Amino acid sequence: MTLALDARARTTLPDAASRARHDTAVWQLREKRDAAVGAVPDFEALRTRAAAIKDHALDHLGELLERFEARARAAGAVVHWAPDARALCEIVTSLLRERAVTSVVKSKSMLTEECGLNPWLEAHGFDVVDTDLGERIVQLGKEPPSHLIIPAIHRTRGEIGALFHREIGTPAGESDPERLMAAARRDLRARFLAAQAGISGANFAVAESGSLVLVTNEGNADLGTALPPIHIACLGIEKVIPSLDDAAVFLRLLARSATGQPISAYTTVLTGPHRGGELHIVLVDNGRSRLLAHPERRRVLRCIRCGACLNTCPVYRQAGGHAYRTPVVGPIGAVLAPAIGLPSEDSRTLPYASSLCGSCTAVCPVRIDLHEQLLAWRRDAPALPRGLAWGARVVAALMERPRAWRITTRLVRVAWPLLGVVSRWGGPAAAWRSARELPEHPGASFRERWRQRAARQDVA
Amino acid sequence: MSRVDRASAPGPAALRRSSGARVSMLQAIRSAGSRTVPHPGPHPAPSLDASWATFAGVLAGVGGEPCGPVTRAELSAAALGWARDRAAGGRIVAEPSAAVLLEAAADVEIADASAAPTSFADVAVAIVRGELGVAECGAVAVLGRDAPQRALLFLAERVLLLLPAIRLVADLHRAFSALPADALAHHHLTWISGPSKTADIEQTLVFGAHGPRALAVLGFSEDDDPAASRDADR
Ligand code: SF4
Numbered sequence: 001m002t003l004a005l006d007a008r009a010r011t012t013l014p015d016a017a018s019r020a021r022h023d024t025a026v027w028q029l030r031e032k033r034d035a036a037v038g039a040v041p042d043f044e045a046l047r048t049r050a051a052a053i054k055d056h057a058l059d060h061l062g063e064l065l066e067r068f069e070a071r072a073r074a075a076g077a078v079v080h081w082a083p084d085a086r087a088l089c090e091i092v093t094s095l096l097r098e099r100a101v102t103s104v105v106k107s108k109s110m111l112t113e114e115c116g117l118n119p120w121l122e123a124h125g126f127d128v129v130d131t132d133l134g135e136r137i138v139q140l141g142k143e144p145p146s147h148l149i150i151p152a153i154h155r156t157r158g159e160i161g162a163l164f165h166r167e168i169g170t171p172a173g174e175s176d177p178e179r180l181m182a183a184a185r186r187d188l189r190a191r192f193l194a195a196q197a198g199i200s201g202a203n204f205a206v207a208e209s210g211s212l213v214l215v216t217n218e219g220n221a222d223l224g225t226a227l228p229p230i231h232i233a234c235l236g237i238e239k240v241i242p243s244l245d246d247a248a249v250f251l252r253l254l255a256r257s258a259t260g261q262p263i264s265a266y267t268t269v270l271t272g273p274h275r276g277g278e279l280h281i282v283l284v285d286n287g288r289s290r291l292l293a294h295p296e297r298r299r300v301l302r303c304i305r306c307g308a309c310l311n312t313c314p315v316y317r318q319a320g321g322h323a324y325r326t327p328v329v330g331p332i333g334a335v336l337a338p339a340i341g342l343p344s345e346d347s348r349t350l351p352y353a354s355s356l357c358g359s360c361t362a363v364c365p366v367r368i369d370l371h372e373q374l375l376a377w378r379r380d381a382p383a384l385p386r387g388l389a390w391g392a393r394v395v396a397a398l399m400e401r402p403r404a405w406r407i408t409t410r411l412v413r414v415a416w417p418l419l420g421v422v423s424r425w426g427g428p429a430a431a432w433r434s435a436r437e438l439p440e441h442p443g444a445s446f447r448e449r450w451r452q453r454a455a456r457q458d459v460a
Numbered sequence: 461m462s463r464v465d466r467a468s469a470p471g472p473a474a475l476r477r478s479s480g481a482r483v484s485m486l487q488a489i490r491s492a493g494s495r496t497v498p499h500p501g502p503h504p505a506p507s508l509d510a511s512w513a514t515f516a517g518v519l520a521g522v523g524g525e526p527c528g529p530v531t532r533a534e535l536s537a538a539a540l541g542w543a544r545d546r547a548a549g550g551r552i553v554a555e556p557s558a559a560v561l562l563e564a565a566a567d568v569e570i571a572d573a574s575a576a577p578t579s580f581a582d583v584a585v586a587i588v589r590g591e592l593g594v595a596e597c598g599a600v601a602v603l604g605r606d607a608p609q610r611a612l613l614f615l616a617e618r619v620l621l622l623l624p625a626i627r628l629v630a631d632l633h634r635a636f637s638a639l640p641a642d643a644l645a646h647h648h649l650t651w652i653s654g655p656s657k658t659a660d661i662e663q664t665l666v667f668g669a670h671g672p673r674a675l676a677v678l679g680f681s682e683d684d685d686p687a688a689s690r691d692a693d694r
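So the protein sequences, as listed, match chains A and B. Its first residue numbered 1, the first sequence is counted upward by one per residue in the working numbering. Its first residue numbered 461, the second sequence is counted upward by one per residue in the working numbering.
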């Protein structure tokens, strides 16, 4: 197969051992999720409710955003509107410049990742430090995150130890997670205390009160927004929900779906700036209103970025996040990338990086029909490589002609042993075969076996 | 979804353009919505257990330390004992809302709401009043009113929350409705479930990622509470 993701997967998780390790790590999250979900009697009802609340919010997004803006302003925040990534970057830059800020601490935000805020700020001379441990690891390693909630899940403790040795001076060979964390904590604590501004995302924005909801396990978003005098929160317009009661529904789903925790360690509801400080909230569109205008695709805006669909996806588990080369990876990344129009040509092929098994849909806490969305993208924006597209047309033509189909399948059956040998010789078939065995031929076609079965039943 | 080029220079004062951006964004968003999809209403959560035992079990499961419940008369000694054992001579700081529940002690500072947040960087133990506990997730709500120095909750090595034991609810839905009306009026409302933690290195759980390494919740009964009038005062 010549799809982009397939080729890239080989470089990010280069061997069977690293793939197996990644697969196990990610699957553990899925298992923890299942255990946590099983302990909540109303979990399925919560998912349905969450989906309905999001659908309501998306359908009333204009008025909810205006209400949010009015309440946030009344509480002392300044609200900015950014139609695209460029506007977000410029707003943040001028806020920082006007206040002569040079050092910034940042907590996790997939939106700023999407908009390329870090590289932009660095190119403009700001010192930007990611403070979530996983994000710090990938920042020091100069690579993008590979998972929505565990950004460095593709790295071993040995690799992280070597990185920390090089970058923050831990002893050579140190790979104990506790001691590595302690070193990162010391390094980052000093940066928290010295930072002049904190940039965060937000998990939810509450319209009725103008509040932001920040969820972390490390408490880094809290240190980063409670210590510096300036807090800039960057969020996509789809984050707004009507009320705090609605937040309860999402909070009961979020951590359980993500890591299997009943709730994350810290859930902070911020309303207005802290004493003597400033709070700026930047609402970002960046393609979302286009998605909103599409009656079926708008459902992907329900996403609360829990990562459950990644953890269960057989393709993500084997390929790793870097193979997607999109800010949001996994099944949700594969439907977001072409939907919001990521410029890269091969993001259009991402909807093919799926077995359509539907496991993502089965776990999504806001019931996004992910595999249906992937299928719809294949239909609406076909991007198969020419060879595969041609093959699909041939098969389709044969299937429409029963006689031709019968003859072909009979020929294939005769040639089956030969296929097993020929397909190893080279070309795309050999690449495909490198990790797969050709199954035994059952010896008869489905129609033949069906007829035999019917005959047996007659006798009985 | 476009990523910006790192090479391009920043444009003109972005803030001035913001009002035009606001209008055009809202226009696009409005024309995309039909305003017909109803809100599904509140979630009818089943009534689950809201006992101290359940709360304590879940809290321990997330790495927290449930203590008590003690009587109101025992509270001060229990809290100060916990703090002194762990502070080992280091700074103990109580928020005023917690300090009124404790006997005055020379080694316990009362947090100054107007101090710079960074001045709490070397605190060994912070003592803060919790408002409400949630049995299903071991979380305790801390109100901005009771903890005006939000940074203290995250800078301290260890945090001790004093929670009236009767202020327990089963789930987050009930928790949000049981909060006082001014819960959002004091900058922050923080739900804390166990200590700061991370599993970012090979899924190994480590406590004390950035914030507290330990988080204890000391339950107390409010009978014979001279400070019960506290709520009436407000
Ligand atoms: S699509 Fe669903 S499962 Fe995937 S990250 Fe978003 S909310 Fe979670």
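Honestly, the hints are just simulated from the structure, not real lab data. A hint or two may mislead.
To be verified - Between beta-carbon pairs, the in silico distance windows are:
(1) B:641 <-> A:169: 25 to 31 Å
(2) B:645 <-> A:23: 56 to 62 Å
(3) A:193 <-> B:537: 31 to 37 Å
Stated by the list, open to error - Selected chain B positions facing chain A (in silico; Cβ < 7 Å):
(4) 494
(5) 579
(6) 647
(7) 649
Here the structure is a predicted model, which means the values were calculated and not measured. For glycine and all other residues, C-beta sits at the position ideal for the given N, C-alpha and C.
Now the hints, each set against the structure:
For residue 641 of chain B paired with residue 169 of chain A, a C-beta distance near 51 Å fails the hint of 25 to 31 Å. Checked against the given bound of 56 to 62 Å, the beta carbons of residue 645 of chain B and residue 23 of chain A, roughly 48 Å apart, lie outside it. Between residue 193 of chain A and residue 537 of chain B the beta carbons are some 34 Å apart, a value that agrees with the proposed interval 31 to 37 Å. Because the smallest distance between the Cβ of residue 494 of chain B and any Cβ of chain A comes to about 6 Å, under 7 Å, the interface hint for this residue holds.
The beta carbon of residue 579 of chain B is not positioned within 7 Å of any beta carbon in chain A (closest approach about 10 Å), and the interface hint is therefore violated. Interface restraint check for residue 647 of chain B: the shortest CB-CB distance to chain A comes to about 5 Å, inside 7 Å, so the restraint holds. For residue 649 of chain B, the interface hint holds, the least distance from its beta-carbon to any beta-carbon of chain A being 4 Å, beneath 7 Å.
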